[in-house]
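Undergrad: The primary structure of each chain is shown beneath.
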Amino acid sequence: MAIIPGVGASSMHGAVVPIGYVNITNNTTTSVTFSNIPQIYQDLMLVNSVRQYASTGSASYTQINGTAYTHHSTELLGNGTSAISGPQGGTDGYLQTGVAAPSTASANIYGVNTIHFLNYTNTTTYKTYIGKGAADQNGSGGVALRCGVGLVTSAITSLVCVTDGITALASGSTYALYGVRTVNQ
Amino acid sequence: MYPIASYTSNSTFNVTFSSIPQNFTHLQLRIFCRVNNGSSTGNIYFNFNTDNGTNYASHELYGNGSSAYSTSSTSTAYPILAYQVAGTGATNNIYSTCIVDILDYTNTNKYKTIRQLTGNDQNGSGVVTLGSGLWQNTSAINGITLLPDGSAFAANSVVSLYGITTA
Chain A
107 MAIIPGVGAS SMHGAVVPIG YVNITNNTTT SVTFSNIPQI YQDLMLVNSV RQYASTGSAS
167 YTQINGTAYT HHSTELLGNG TSAISGPQGG TDGYLQTGVA APSTASANIY GVNTIHFLNY
227 TNTTTYKTYI GKGAADQNGS GGVALRCGVG LVTSAITSLV CVTDGITALA SGSTYALYGV
287 RTVNQ
Chain B
373 MYPIASYTSN STFNVTFSSI PQNFTHLQLR IFCRVNNGSS TGNIYFNFNT DNGTNYASHE
433 LYGNGSSAYS TSSTSTAYPI LAYQVAGTGA TNNIYSTCIV DILDYTNTNK YKTIRQLTGN
493 DQNGSGVVTL GSGLWQNTSA INGITLLPDG SAFAANSVVS LYGITTA
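Order-wise, the sequence lines are chains A and B.
Take the first sequence: its letters are residues 107 to 291, numbered as in our numbering.
Take the second sequence: its letters are residues 373 to 539, numbered as in our numbering.
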């Protein structure tokens, strides 16, 4: 799956600079990786529209630098009936960063997420994110806020995006990664 | 979106944005922080244009990994900008993330409303919050002062202000 490179920061006038974009055009791809992420921005913003082809799960995950590490996230979810909050965690490095439409959802329905990784090049602080997601299935689904931390201090140089069980993504799923410049960048 | 100004330091610091350009439509604050209060969590408060009167209100909807809650304050001089971010009593290297949108900040016909999304996960506990803030004043916003618990941001925090344009 080819990543379409974004234009360089020097040619952009705004603070939000596209880094890469992936459009899934088959039902066999199980992950999307943004590698060699430029280390010249202040923050990263990941925007995705995700549907699972093979799983009835409803979560999407992001692994930093393709390595395992201890992680934990906290979710606030409204499911149309009530507001609930729960944790997620593990040691495999797959941060639960968003929602996904399950394979059983009606055709053409996708879950959408925007996830922010601030100060991603810092090499002394643990990597933390905040995100908002929505997966409305016309009668079910939900809206979610989520934050999390990965106990890794390395700068983020790659992001691996998957869904439940690292199973196939549905055609039409998209992933876009942006850099957010600050002053003097 | 355009960068306006940014604060960071390898020691504690405070944040005041003054003489904010009036040529954008909206503002956004992007905050990576812990507050210098010695506790595991703390809040960040704010005021606009150095107005310290009881002209503010806020609402918060948050989840702590167990339940969902909502809280609010009215007619306060210390509205919450970011709810329960990491403090210096938290595990080393744990920081929080907060993104605040301040819409129509130059409009002189409406009170100013902000929206904040804040996350503080400490690997075993956490709080994620969607919040609002209201400044009951129609003046254009030309200054923002952040008031963290402990009276300072901890070292290596980053606070950046952006302007957002429209077509």
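Among the hints, a few may not be true.
[Stated by the list, open to error] Straight-line alpha carbon distances no greater than 25 Å define the calculated SDA-like cross-link-like pairs of lysine to any residue that follow:
| no. | chain 1 | residue 1 | chain 2 | residue 2 |
| --- | --- | --- | --- | --- |
| 1 | A | Lys238 | B | Thr485 |
| 2 | A | Lys238 | A | Gly196 |
| 3 | A | Lys238 | B | His398 |
| 4 | B | Lys482 | B | Gln508 |
| 5 | A | Lys238 | B | Ser444 |
| 6 | B | Lys482 | B | Ala440 |
| 7 | A | Lys238 | B | Ser439 |
| 8 | A | Lys238 | B | Gln508 |
| 9 | A | Lys238 | B | Thr397 |
| 10 | A | Lys238 | B | Gln494 |
| 11 | A | Lys238 | B | Gly535 |
| 12 | A | Lys238 | B | Tyr441 |
| 13 | A | Lys238 | B | Ser442 |
| 14 | A | Lys238 | A | Tyr159 |
| 15 | B | Lys482 | B | Ala429 |
| 16 | A | Lys238 | B | Ala440 |
| 17 | A | Lys238 | B | Ser438 |
| 18 | A | Lys238 | B | Thr422 |
| 19 | B | Lys482 | B | Gly535 |
| 20 | A | Lys238 | A | Thr136 |
| 21 | A | Lys238 | B | Asn415 |
| 22 | A | Lys238 | B | Ser504 |
Worth flagging that the hints you see were computed from the coordinates, not collected in a lab.
Undergrad: Are the hints correct? Go through all of them and say.
TA: Results of checking the hints against the structure:
1. A:Lys238 - B:Thr485: Given that 25 Å is the threshold and the Cα spacing comes to 20 Å, the pair holds.
2. A:Lys238 - A:Gly196: With a Cα-Cα distance of about 21 Å, the restraint between Lys238 of chain A and Gly196 of chain A holds, given a limit of 25 Å.
3. A:Lys238 - B:His398: Holds, at about 20 Å.
4. B:Lys482 - B:Gln508: holds, 8 Å
5. A:Lys238 - B:Ser444: Roughly 22 Å separates the two Cα atoms, so the pair holds.
6. B:Lys482 - B:Ala440: violated, 31 Å
7. A:Lys238 - B:Ser439: Holds: Lys238 of chain A and Ser439 of chain B sit about 18 Å apart, inside 25 Å.
8. A:Lys238 - B:Gln508: Violated: Lys238 of chain A and Gln508 of chain B sit about 28 Å apart, past 25 Å.
9. A:Lys238 - B:Thr397: Holds: Lys238 of chain A and Thr397 of chain B sit about 23 Å apart, inside 25 Å.
10. A:Lys238 - B:Gln494: With Cα atoms ~19 Å apart, Lys238 of chain A and Gln494 of chain B stay inside 25 Å; holds.
11. A:Lys238 - B:Gly535: holds, 21 Å
12. A:Lys238 - B:Tyr441: Holds - the C-alpha atoms of Tyr441 of chain B and Lys238 of chain A are around 17 Å apart, at most 25 Å.
13. A:Lys238 - B:Ser442: holds, 18 Å
14. A:Lys238 - A:Tyr159: The hint holds at about 22 Å.
15. B:Lys482 - B:Ala429: OK: Lys482 of chain B and Ala429 of chain B at ~15 Å, within 25 Å.
16. A:Lys238 - B:Ala440: Holds, at roughly 16 Å.
17. A:Lys238 - B:Ser438: holds, 18 Å
18. A:Lys238 - B:Thr422: Violated - the C-alpha atoms of Thr422 of chain B and Lys238 of chain A are around 32 Å apart, more than 25 Å.
19. B:Lys482 - B:Gly535: Distance of about 19 Å is within 25 Å: holds.
20. A:Lys238 - A:Thr136: holds, 22 Å
21. A:Lys238 - B:Asn415: holds, 21 Å
22. A:Lys238 - B:Ser504: Roughly 16 Å separates the two Cα atoms, so the pair holds.
Figure legend: structure checked against the earlier numbered hints; hints not met, in rising order: 6, 8 and 18.
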